[in-house]
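Colleague: Spelled out from the first residue to the last, the chains are:
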Amino acid sequence: MAALPEFEKHAHQEVKSTTCYMCACRCGIDVTLENGEIRFIQGNPDHPVNKGVLCAKGNAGIMKQKSPAKLRQPLLRKPGSERGAGEFEPISWERALDMLTKRLRKIRATDPKRLAFFTGRDQMQALTGFWASQFGTINWAAHGGFCSVNMAAAGLYMTGQSFWEFGDPDWDHAKYFMMWGVAEDHASNPIKIGLEKLKSRGAKFVAINPVRTGYQAIADEWIGIRPGTDGLLALAFVHVLLKTENFDWDYLVRYTNATQLVIDAPGTSQHGLMLRDEHGQIQAHDQATGLQCAWDAASRSDESDLALFGKYTTDEGVRVKTVMTLAAEKYLSDDYAPAAVAERCGVDAETIERLALEMAEVAFRESITIDTPWTDWTGRRHEKFVGRPVAMHAMRGVSAHSNGFQSCRSIHLVQMLLGAVDSPGSHLAKPPFPKHIAPPIKPARDMAPNTPLKSPPLGFPMGPEDLAIDADGKPLRIDKAYSWDAPVAAHGLMHMVITNAVNADPYQIDTLILFMANMGWNSSMNTAEVQDMLRMKDDDGAYKIPFIVTSDAFHSEMVNFSDLILPDTTYLERFDTISMLDRPISEPHAACDAIRQPIVDLDRDVRPWQEVLIDIGTRLGFPALVNEDGSAKFSGYEDFITRWEKAPGIGFLAGWRGKDGESHMKGEPNPDQWQRYIDNGCFFEHKLPPEQRYYRFANKDYLEWSKSVGFNAEDGPIVMELYSETMQKFRLAGHGIYDGPCPVEPEDRQRLIDHFDPLPDWSIPLEEQRVDNSRYRFHAVNQRPMFMYHSWDSQNAWLRQIMAQNYLYMNRARGESLGIEDLSWVWVESHHGKIRCQLKLMEGCNPDTVWTWNAIGKQKGTWGLSEDAPESNEGFLMNHLISELLPPGQGRAITNSDPVTGQAAWYDLKVNVFLAEPGESGIWPSLDAVKPLPGMPDSPQVLRYHTHEAVNLERPFSDALTKGSTFKKEEGKR
Amino acid sequence: MKLGLVIDLDTCVGCHACAVACKQWNTSGTTGPLSDLEPYGAEPSGVWFNRIRHYEADVYPNSKTVNVPMSCMHCEDAACVTVCPTGASWKRDDGIVLVDQSKCMGCNLCAWACPYGARELDEESGVMKKCTLCVDRIYDENLPESQRQPACVLTCPTSARLFGDFDDPDSEVSRAVAERGGVAQMPELGYAPVNRYLPPREKPEVTVSEETRGDSTPGGAAGLIGKWMKRQKDAFDRFGKRTSGEA
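Chains C and U supply the protein sequences, listed in that same order. This note's numbering numbers the first residue of the first sequence as 1 and each following residue consecutively. This note's numbering numbers the first residue of the second sequence as 1001 and each following residue consecutively.
I should point out that these hints are in silico values taken from the structure, not numbers from a laboratory. C-beta atoms are modelled at their ideal positions from N, C-alpha and C, and glycine is treated no differently. Just to be clear, a hint being listed does not mean it is correct.
Claimed, not checked - Straight-line alpha carbon distances no greater than 20 Å define the calculated DMTMM-like cross-link-like pairs of lysine to aspartate or glutamate that follow:
| id | chain 1 | residue 1 | chain 2 | residue 2 |
| --- | --- | --- | --- | --- |
| 1 | U | 1064 | C | 245 |
| 2 | C | 707 | C | 691 |
| 3 | C | 666 | C | 757 |
| 4 | U | 1103 | C | 949 |
| 5 | U | 1230 | C | 245 |
| 6 | C | 840 | C | 829 |
Unchecked claim - FRET-style restraints, in silico, Cβ to Cβ:
| id | chain 1 | residue 1 | chain 2 | residue 2 | range |
| --- | --- | --- | --- | --- | --- |
| 7 | U | 1148 | C | 664 | 33 to 43 Å |
| 8 | U | 1226 | C | 380 | 29 to 39 Å |
| 9 | U | 1108 | C | 941 | 18 to 28 Å |
| 10 | C | 535 | U | 1148 | 52 to 62 Å |
| 11 | U | 1107 | C | 941 | 19 to 29 Å |
| 12 | C | 11 | U | 1108 | 32 to 42 Å |
| 13 | U | 1226 | C | 302 | 27 to 37 Å |
| 14 | C | 202 | U | 1188 | 27 to 37 Å |
| 15 | U | 1215 | C | 302 | 31 to 41 Å |
| 16 | U | 1108 | C | 95 | 53 to 63 Å |
| 17 | U | 1146 | C | 775 | 53 to 63 Å |
| 18 | C | 3 | U | 1145 | 15 to 25 Å |
| 19 | U | 1077 | C | 5 | 50 to 60 Å |
| 20 | C | 381 | U | 1215 | 32 to 42 Å |
Chain U with its partners taken away, still in its complex shape:
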């Protein structure tokens, strides 16, 4: 089993819904609370498992605005697990990378090791926290089956987030990656990240037909109006009534 997320960069509008839903669920979740420091002060900061980054590519007027949600990639070869001196960081058989809160001493090594910035030290709790893929939702049989999804996936207004098992070729995530050419972030670093990002779709093109382009009638407004008056009269004379189109 290889659980993870697919994030669609074609439809992500950067609204932060997923980030806040994550914060909301997880502050009372298995590694909660997610502390906030100076929540009403000069430098508000807190623990977030999912943060949205906004970039621009290319230059005006061809610039693109790109929103990239970033959370734990649940790497197959997770450096954060490798470096953990207490064994608190672990990778479950279903692929979820977790931090056992009772074994973590908050040394921060894993945060240094993670190239994706996915680890967040909760200074108040003194331990490291991170995306759990909502392990406390996805296996909760007291929730309706449709609700056994990570909070970020459930809430995403543009359906830009999918959750599933990448080991299952028929899963929604595997199919989306296959169809849309999903890519990993920074695979060259060798940690085998599981999450995939779907690149923007090819832009649809509207080809304007000759029929639509029309021919230019000389004589400006008067010429055109005269032509239309003649056309409506011709149609009437010929058919007894106007026949253009239907609706």
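Same shape as in the complex, but just chain C:
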């Protein structure tokens, strides 16, 4: 073969590492630059998260950087213009920050809660939460409340670890994998890497999802469940496992609260609480002595033998039962028999029973061992880790229902019965998880002018006494998190902030700061009316939300409804930390964190939001940011990250601490820390030694280490809570007999009684309970396509070529029975509103379900798209159909959310679908076009992106001469 030309001039190229942020997966990337332009973005082969691979989004990073929708300069709504009219004028950063600081200083000096600061798809909650605490407002949260708090909370209140991005299936050892309600997830590439591992090993993959797209395509078995019934299916599995005596007796005794004694005294304030001795020690029953004993001490003793099942009466005459007895009594009921739930779940009884038995077979008859000796928390040495190789992963399809918290707990219950939490082959926690149940942080309540909060705004209530309510039981927070509406709202309720603030319920605020959250569009339920609320004025002509500040990198719909716009950088233009204090990039067997570094030069007058936060905080004189003389402690974000310590030796970045940079996890600040990260590909990885890799809730070495590095406050065991006393406390409050705060309103009381079962429970989703289901016959759900999951990249010139319009999808036979043809225009109607959109028929869809791709639809004029873009003319939002409030019931207006956690119940939606009239086409509603922002470039009509002139590979003349243009078979192979 002739020599090849030099295609790439490597001398003109350099490779820089950083961390991707096209979604929340946070893969390591190597970016090849050529003359300052991005030649190629590829996965970093050494990176613990993605191991060299990269998804469609990550590969489209160039087009994010090239987006014409990038904001270019600070903007102020023109004085005299109406909010939402799109009239803005450029202002300088100095003027913008001066204006904002003045306003914030006044709020902070008078009534700090009048600042509400909510953040969207960011991963710097440790920083924004720190900032809010220093400001002194409890009105802070990130977007977990409308994302998947149910998964986080259910796990943290039950197993100490959770799905979401906080744990992973043991891809290397699992033999059976059940995936519930997952379109795509934060662990975008790891799930894909893992599925391939499973399939190449011959493990069975069962997908439970109303729709067969994405991962479900390669599942060995697809269960097209009816939305909102996953928890019921899980409890039917529990029924079968108990009935057939397939549960891990020893695991339950040793690692869960299954042997602990629960007081059986109905009608009293003690009913359902754990039996404790005078020292507060939870009690169990020791068969060795026939006596009640302290669970903790008995668990350490070789002489004790705790009863898993039993009903006793104490010397004081108190009747008690073990947790496991209560569980067996509940779940062995015929209500949970496969035949009883089959129709509701849309899964036949035989299949339910078979799946449960398959899991039991694999867990107990195909157990695995890892021959590594380890020591449990009692000091007992074990020669090996025994594994129950049944893994699960669950996500938004479970969480985005009003029964999601309990449904997720029900899935965890199946795992616990199988001994399949943090055992080899099962679901493994990622450090800093597991944590004690629940993590010992209480939500902040007290605020005072010019004073930082004493605790973080968000935390984990352990009973009604921990709620953020006043003496009259009224919510203290603007989003009503930690009120009777949502007592365990561990991530806040961002989706309620605008509605509550506009209604001055519970009070008025002055300034709303939104970071990277498109609350004017796809991140809000009831989008059109939310836009009206953002424009709403009181009788004096003042806006009900007086001042709205948005920080975003792009021209989103929310930008249009802001008074002050502070333009952010892209992920390739700034320093960032992905911190162990926040949501790190850990893998099950390694504690990891990461950074970003600027890859390309800034070409606009924009600033990283984290830099702006440090700047404003310093101007406002936050104690953590200024010296006693008022001078700045830190020169900026990088300096702050290097030198600020949460506790001695513990800061935002765990790697290369200590003066010499040789201390990891803990150590003095290292001025050279950023460079050490950069030298290491922008990530840090502490691999756990083999004896710390499993059973970490009870693993002495791991627990001691996790305390030493600040992950957990204690090194005692993390006892998994099959039964939640915390939930029972709330239920007692519902009955009005709790020794502490109890709600007064009948509806509040009933919600606590109905939804706070201390054992995992299932109930009909709230919207379904309240609407006419004969009229609203279909469940309506949505998902993001893999190539846009957790990103907003409809602006992305490459990704939108894959999809620029969404359709409503319906089961083909069902559609045909209703006379609906492919590509019909249909009306979709909910109790709250209606939309018109185009429909497609498909096979892989539950017959009672319609669905669409979410957030493809955009408002005209935004995101750098032309007004005739399909996103704004054929693409639609389901959000218009979803009310942020429940359909009217007996009592007051109440959030359309999980009654435990406040998780937005997006997928509770019930709709009717009918054909549009002939001639009716196009989406409805179609909101008015947004005006262009000043100083934005025109979007190009043609893109010809390249970083160097192509080096053509010419066909050698000799080749053309000898071979002509025709292949001659008789000449054989060339």
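Knowing the structure of chain C, use the given hints to seat chain U on it.
Modeller: For chain U alone, coordinates are given in the frame of chain C:
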């Protein structure tokens, strides 16, 4: 030499990573740029060497969803080469089918001839473009050896893409095809496509043993709980402590 791709339909989740990686590499590659028309407009379209098609087979509830990435098959008897009137289309000795950009006049004949839809006319450049198997990566000795792979192969999160020499029976691609029964697409057309698709693996079955199935205890919850209470007491009485299992 017979270079080509193997695509595993058992693990392809249809994520489009390979398609975008291809676009990204090749827009600055040997036949770049890969133009995009109306990138922010009503009908965004552009040049892509690799497109993912999604199909359903069978009917609910037994329907299957199948994702099929499609790019140039680098046919041994490539119709696109045969029909090219200028000699721009050619097949290298290593098997890669290429378009010499300096000889192509954009007549589109090759696109008509290709049954796989693998050819893409770049209207802005006025020439035909197609998968090069990343000829500008696989032979680049300035790249680490592990990186001398087509961009689509490097990026695939489910390792559903393999690259190699089908003439070498020991190559990864040849072995995968042999082990998994890799198939060509539409071989009946006679162009001898080189790329192979691995069909979905046989579904693993879990056989539930009698032991797992258990025997049904009469008396419902009370009966079972009573049985378990008796069992734990019996075990204690007999052995001084419970002995079930180990962990």
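Colleague: Look at each hint and say if it fits the structure.
Modeller: Here is how each hint holds up against the structure:
1. U/1064 to C/245: 35 Å, violated
2. C/707 to C/691: 16 Å, holds
3. C/666 to C/757: 41 Å, violated
4. U/1103 to C/949: 17 Å, holds
5. U/1230 to C/245: 14 Å, holds
6. C/840 to C/829: 17 Å, holds
7. U/1148 to C/664: 33 to 43 Å: 35 Å, holds
8. U/1226 to C/380: 29 to 39 Å: 31 Å, holds
9. U/1108 to C/941: 18 to 28 Å: The hint (18 to 28 Å, Cβ to Cβ) holds, given that residue 1108 of chain U and residue 941 of chain C are roughly 23 Å apart.
10. C/535 to U/1148: 52 to 62 Å: 57 Å, holds
11. U/1107 to C/941: 19 to 29 Å: Given about 25 Å between the Cβ atoms, the range holds.
12. C/11 to U/1108: 32 to 42 Å: 38 Å, holds
13. U/1226 to C/302: 27 to 37 Å: 28 Å, holds
14. C/202 to U/1188: 27 to 37 Å: Taking Cβ atoms as reference, residue 202 of chain C and residue 1188 of chain U lie about 32 Å apart, which means the hint holds.
15. U/1215 to C/302: 31 to 41 Å: With a Cβ separation near 34 Å, residue 1215 of chain U and residue 302 of chain C satisfy 31 to 41 Å, so the hint holds.
16. U/1108 to C/95: 53 to 63 Å: 57 Å Cβ-Cβ, so the 53 to 63 Å window holds.
17. U/1146 to C/775: 53 to 63 Å: Roughly 60 Å apart at Cβ, these two residues keep to the hinted range, so it holds.
18. C/3 to U/1145: 15 to 25 Å: 19 Å, holds
19. U/1077 to C/5: 50 to 60 Å: Given a distance of about 28 Å, which is not inside 50 to 60 Å, the answer is violated.
20. C/381 to U/1215: 32 to 42 Å: Given about 37 Å between the Cβ atoms, the range holds.
Violated hints, in rising order: 1, 3, 19; the structure is consistent with all others.
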